[in-house]
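Chemist: Given next are the chains, with one letter for each unit.
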Amino acid sequence: MRKLIAVLLAAGLLAAVSVVTAASPKKQTLLSSATQECLSCHRELTPGLVQDWENSRHARMTPREALKKGKLERRVSSEKIPAPLTGTVVGCAECHTQNPAKHKDSYEHNGYQVHTVVTPEDCATCHVQEREQYDQNLMARAYGNLMNNPVYLRLVEDVNASGSFKDKRLQLTKPDAATNADSCLFCHGTIVEVKGLKSRETAQGEMSFPVLTGWPNQGVGRVNPDGSLGSCAACHSRHGFSIEVARKPYTCSKCHKGPDVPAYQVYEVSRHGNLYAAQGKDFDFKDVPWKAGKDFTAPTCAACHVSLITGEGGQVVAERTHRMNDRLPWRLFGLIYAHSHPKSADTSIIRNKAGLPLPTDFSGAEAAPFLIDEKEKAQRYKNLQQVCLSCHSQTWVSGHFQRLEQTIRTTNQMTLAATEVMTAAWDQGLARGLAQKANPFDEAIEKKWIEQWLFFANSTRFASAMMGADYGVFANGRWYLRRNLQEMNEWLWEKGKKR
Amino acid sequence: MRKLIAVLLAAGLLAAVSVVTAASPKKQTLLSSATQECLSCHRELTPGLVQDWENSRHARMTPREALKKGKLERRVSSEKIPAPLTGTVVGCAECHTQNPAKHKDSYEHNGYQVHTVVTPEDCATCHVQEREQYDQNLMARAYGNLMNNPVYLRLVEDVNASGSFKDKRLQLTKPDAATNADSCLFCHGTIVEVKGLKSRETAQGEMSFPVLTGWPNQGVGRVNPDGSLGSCAACHSRHGFSIEVARKPYTCSKCHKGPDVPAYQVYEVSRHGNLYAAQGKDFDFKDVPWKAGKDFTAPTCAACHVSLITGEGGQVVAERTHRMNDRLPWRLFGLIYAHSHPKSADTSIIRNKAGLPLPTDFSGAEAAPFLIDEKEKAQRYKNLQQVCLSCHSQTWVSGHFQRLEQTIRTTNQMTLAATEVMTAAWDQGLARGLAQKANPFDEAIEKKWIEQWLFFANSTRFASAMMGADYGVFANGRWYLRRNLQEMNEWLWEKGKKR
Amino acid sequence: MRKLIAVLLAAGLLAAVSVVTAASPKKQTLLSSATQECLSCHRELTPGLVQDWENSRHARMTPREALKKGKLERRVSSEKIPAPLTGTVVGCAECHTQNPAKHKDSYEHNGYQVHTVVTPEDCATCHVQEREQYDQNLMARAYGNLMNNPVYLRLVEDVNASGSFKDKRLQLTKPDAATNADSCLFCHGTIVEVKGLKSRETAQGEMSFPVLTGWPNQGVGRVNPDGSLGSCAACHSRHGFSIEVARKPYTCSKCHKGPDVPAYQVYEVSRHGNLYAAQGKDFDFKDVPWKAGKDFTAPTCAACHVSLITGEGGQVVAERTHRMNDRLPWRLFGLIYAHSHPKSADTSIIRNKAGLPLPTDFSGAEAAPFLIDEKEKAQRYKNLQQVCLSCHSQTWVSGHFQRLEQTIRTTNQMTLAATEVMTAAWDQGLARGLAQKANPFDEAIEKKWIEQWLFFANSTRFASAMMGADYGVFANGRWYLRRNLQEMNEWLWEKGKKR
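So the protein sequences, as listed, match chains A, B and C. For what it's worth, this note's numbering labels the leading residue of the first sequence as 257, then goes sequentially. For what it's worth, this note's numbering labels the leading residue of the second sequence as 257, then goes sequentially. For what it's worth, this note's numbering labels the leading residue of the third sequence as 257, then goes sequentially.
Please keep in mind that the hints were generated in silico from the structure rather than gathered at the bench. The reader is advised that the hints may include incorrect statements.
Same chains, same label: a pair holds when it works inside one copy or across any pair of copies.
What the hints assert, rightly or not - Pairs of lysine-lysine, PhoX-like flavour, derived with a Cα cap of 25 Å:
#	residue 1	residue 2
1	Lys754	Lys424
2	Lys422	Lys753
3	Lys454	Lys633
4	Lys631	Lys599
5	Lys609	Lys693
Assemble the whole structure, with the sequences as input and the hints as a guide.
Modeler: Shown next, in the form of structure tokens:
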């Protein structure tokens, strides 16, 4: 530590750096003077936030030290970090005052140009590779992939609509921005824009703060005031940014629990989830790289889909990926059918044969030019299975995935049958869909059709992929796939008779 | 300890007190001779119960010591505790033999007048403030608020009814007491009354025990044999009465998990719940007062709604409240609409404009004289937001609650639309409601109407209030609000056509 | 340790045994040379699997040492264990090369006859009593109890069917083997048969492995290549076989979470589950015998249903049972009605008065000759209640179970009412059931009838048995029992009118 201070002294950086005692009395940390100034008020004003940060690695480690680590142990991926940032720990000012020119939400705050919304662009200073990979992740585009797709947008507008019953008729009004932000965009991300400044009385007297649209929000595809997409805090919760939090399955449950994407529910009852729940207390969630066997003996979401996994000796089992689909051959999530993974993170560019922005036709045929091919699927299967093979034999793994492939086929088949019932209803004028220039998602029978793929087929597939047992049967699984299809069919029959 | 014994000796209390070695060998505790006698049999008879108590603070701390603590650190709120109780730890006899005159369930047991049902009145000996606050809590009146409200009672009687199918007709019989106790009253609380004594063979020979109605029960609004209301053990589980248990979210899940009040489900997937699940192992759940930042960096139910929260330096962020609505401006729970919080804990006294015991009209207009006004709501928002501000900026907090206010409006609107469809059905004679002097809750279409507010509007609001993401969309949220309204409307249309 | 080696030397066993340093550097273990050879490759190939085993008791304890334990402390139940196995720890070869003659899946692997599927027969070498008890457990017969029952088989075939919509008609095809394996048989168990050998390129060159049907699978009633039934790994997860995992509730959640058997959901929100979640971190999950009070102060699934429970002094509260119904008077699970527990683990032999393989008539009358009588029920109640009485008074316990008995009556009554509506529909030709030689499970109204008993009556009963509160009311409980019955009745009324 003394040596480091000497180096800093030599570099003439001492003006901006001084050694202070943080909350933890035994430890001395190198705080920039700007961060010290932040803390001088905020330790009192927002003690929970500050303490969370003080428990963090950011509060204890300078980028200079971080860069000295070996390649596999390193948590920063940028090869070069701007010199003024390397000698102090990563504090308030280091993130909240970066790139002020780009940040439209930057404002004057006690003599500093501060911005509220820290973005992937800010984090990229030290974590450039993660930011680049994430930008190729469907999630980064989650706002536009939903809201810029005219088909999906009609679903959003119907789900979030407000209704009234006037003159014996149901009337719907389009959702307001607050409702969308509280609903779909909570996870997909809002557009955060600055709408001027507003002053307000504070404990420190009158102060001005920016007025932001769509705030607060930490959706995975947030559109930020600096033009970047996404929020690292979606998974790496502020202000601890703990790798433990990101690796534990709870962080994923925030958006991946529900009948549409029941990944967390399925994980919970899977053998993997059982073992994590029973024995995870003995796992090491902070070791980098994450060593299969040594650090953990049952995987979490991150282990299979994101983390750098090695054997005990350091041999790489799987590369870290914030693109998160390097190990995903299929997109199990049904829109309307499970399909080969899209090539581009921007799925609003996809066109099926009918010219609609959907990855498949209504018959399930893939919009092939926009989806990965068999060769890429094989590679991704291989990437994923390397993780499985840390604990399972090839026979086991092959058997598991053969079953998943069959489940993809049969659930797509059950979706096709429902779609054909729906199409018959549209054709016979019993309901009004796209061909009738109407919203295909707003009638009761259409909502049953949606549940067929969005809830029941999805649940069955997730259960198959991650050993979710009853989520493939009675817990939104095949029981409902079959029951719902039966009800749709009987509805068509009854309705047809009446005409 | 020696000094304490000397004091006790001087006070001539030694006859009733002796020093014995409890299960934990390193610690000596002061047990009353009565409690020793209880333990002499029950340590063998009910080892789990006794050990739970032996792990407790009650088993280690005398009220005299407890009273020496500083005001913020103190867990007893009574300024004076009767002298005979101060010198011994809080054992079996201290609670189960108190106030025998008031306890109609008191009975002779090995030479002592013992009562089975320990009540808030008993606990008030040391915890008077908690008892007084809790008495002003809606929960304390949960039995009467449900069962003494003739509107809600019809719902109870229909939900718990037993049905038979005779002469091609469905016939319903009113629920029996055991069914109500197993259903609604499990949480709301039963009436516990003594129905004589019954003798039975035991390991100690023939003994008599009281026969109690509605037993066992630990519902929050239990009507006790001593006339008091509630059960402290609803949250402070016997016989450890651990503050850790009360502060962890699981205890609340007992009654607040389900489609009607999905608070725990929502918490689980919220960022707060994620962080608690991932890092709660490092929190201090036993510190009093509970220090934001130092003791915890993500809140549980208790942190936001109940506990005394301070900063690290002891500055009070939020006062402890067992009234539990000091920080609640709105009653999100829809009966039929979300509404300003009731003034009185006894909600059966409320009358809306139509004279019904409901906090709103069927149109959603509030029964204003019985509900808190805007000024009180502002104060409660402030109380609640003080907790939020320990970790979040005012901009963040304001944005969050503005969105919640909008969600209250839109979910009430979606409930109104459904109520208007329902009213049209009643008016057109397609169903029979209150105006037809019928139960408005027993027909299939009425049950759909109930789910609109009791399940879907509630879920959407809880999700908005606590960042529950999919619980506001596909997991019983807006998707169902909209789908259900659509189905009700199509039913009305179809049904109307047939006539 | 030295002494043990001396003993082994004297016994001339050293040829097969050598002392090696396992992964944990501080500990020396006795590995057979065969296991050493397995590890020499698999420590690299499947590090997660190997480390899981290395953390296990199997990896540290020889059968010889295990047999020296006192009767209550002992985890092996076999009185004699074959000599060649007693001196080494229980490693790869000890299990995977046992009984090669019986194992049709045994194959040549690097000079050893290895089998993939370790079975109860293999485990019985050391755990003979557990294997014998488990063989009398319904679970061991879970495959046949489902698939060899022609009534239930029709349900399976309908739930897992694939559908298509051709010529305006819904057409169903019977499920394929992979779908059944991914659905019902995931928990019930598959038939694992050898279909020849297949060679494949591996890191060690070309090798041959058996081709297995229904693999992977760890269902409780798996039909194994050696003819035995079941999989110990269903609960005792490979390769740690940790008693902690089996005693924690998560392992049960794998199959007992879902609307049909919501045991885990109910446990989670019960007081028992709350306390486990809040305080389980302080319980001792590895102590044998498991001491109520000392080791735990709230039960898990295993505590009530499986484990050997004693008081602190060693007095037996409940005997260990892998039959798992020694403490179960009722089979709460409704097929179609809750009923007295079957006598035989093979339930496909049951015949009701109508000659159907069901434990009750359609009226609910029990197929008495095949079910336990009142005397046996009383004994099982006593066995179960001994566990309750470790923490609760007899008054409490009696009150609890009287309520459960009433809930069994009322839920069976609500099932009866639904069955009578269904029967009326069949009789009137509005649907086609067994009497019409049709599948009674495939029409929409029939599916509503199924949900009455399979989802709602079951949920209500599980909630009553384990204090699940809302699971007996709004979370798939009485609300749905009543709503569903209402809907069925209105359907019958409407449908009847049209004819």
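Chemist: Tell me, please, which holds for Lys422 and Lys753 at an alpha-carbon limit of 25 Å: within, between, both or neither?
Modeler: between (30 Å within a copy, 18 Å between copies)
Chemist: Given identical chains, is Lys609 near Lys693, meaning Cα to Cα at most 25 Å, within a copy, between copies, both, or neither?
Modeler: within (18 Å within a copy, 45 Å between copies)
Chemist: What label fits Lys754 with Lys424 when the C-alpha limit is 25 Å: within, between, both, or neither?
Modeler: Both: 22 Å inside a copy, 16 Å across copies.
Chemist: Is it within, between, both, or neither for Lys454 and Lys633, if the alpha carbons may be no more than 25 Å apart?
Modeler: Intra 52 Å, inter 24 Å, cutoff 25 Å: inter-copy only.
Chemist: At 25 Å max between alpha carbons, let me know whether Lys631 reaches Lys599 within a copy, between copies, both or neither.
Modeler: within (13 Å within a copy, 56 Å between copies)
Checked against the numbered hints given earlier, the structure satisfies every one of them.
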